[in-house]
Structure formats: structure tokens, C-alpha cells
Amino acid sequence: ARRTAAPRPRGPPMADLRARRSGHAPYDPRIQEFNKNLQEQENEARWADLDEKVTMLKSVVVDMGTEVQGQNASLTGMTSQFSSARELLNGTIARIGTAVKTGGGKHMIALVVFVVVVFFLLYFMVTFRK
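Numbering (the working numbering), first residue to last: 1 to 130.
A few of these clues could be false.
What the hints assert, rightly or not - List time: in silico SDA-like cross-link candidates among lysine to any residue, alpha-carbon distance up to 25 Å: (1) K58 - Q71; (2) K106 - M125; (3) K53 - V68; (4) K53 - E42; (5) K106 - V117.
By construction, these hints were calculated from the structure, which means they are not laboratory data.
Since we're looking at a predicted model, the values are computed, not measured.
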């Protein structure tokens, strides 16, 4: 019968020799466990940082939503106020037009000029008072 040589066992001594030659540390389960724990700690720290940033971003978005709702309410109020002012001015212009047509044109023009002059005087007094 032919005898076959038993395969050479590869154990830690050969692994240590290869590790020394390649410059790497030998396989050690404690080192792997340490590296795994270190990576888990780093991941947990990154998750905590990410969670903090997401919470902060959510707070900013909620504040922006509140501000937008407030601005929309202000714009709605301003729209109704401007509509009222426009109706008032249209009525005033219509009355002035009626007064001019009925014959009080000279007095009405004098009144309008007087109001415009008073307005400009008040404007210049307020502007140059500073």
C-alpha cells in the first residue's frame, strides 16, 4: 500500500511567522472584540449626534411653520384693510367728481390744492425735523 504523507498542520506558529513577516499583528480574538466594541461606540456616538441634529432641524421646521401661519394671518388682515381703504378712496373720488360737475369746481380745486400743500408741509416738517 502506498503511504501518503499527512498534511502539515497549520497552527499558530505559522500564523505568527506570517504576521511578523507582513508586519501585521497575529490573529487575536480579544483584539477583534476590542475593535468591534470600538466601532460600536463610534456608531452610537454618530447616531446620538445625528439624532441631535434631526431634533434641532425638526424644531427649526416647526418654528418656520408657525411663522408662516402668522405671516399668512397678517397678510389676510392687510388684504381686508386695503380693500376697505380702496372702497373709501373710490367713494371719495366719486364724491369729488360729483362736486366738480355740479359747479363747485373752483372751490373744490382750491380745497384739493390746500390739502396737498398742507400734506407736503407736514411731510417736510417731519423729514427735516430729524
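So, going through the hints one by one against the coordinates:
no., hint, result
1, K58 - Q71, "holds (20 Å)"
2, K106 - M125, "violated (29 Å)"
3, K53 - V68, "holds (22 Å)"
4, K53 - E42, "holds (17 Å)"
5, K106 - V117, "holds (17 Å)"
When the structure is compared with the earlier hints, a violation turns up for hint 2 alone.
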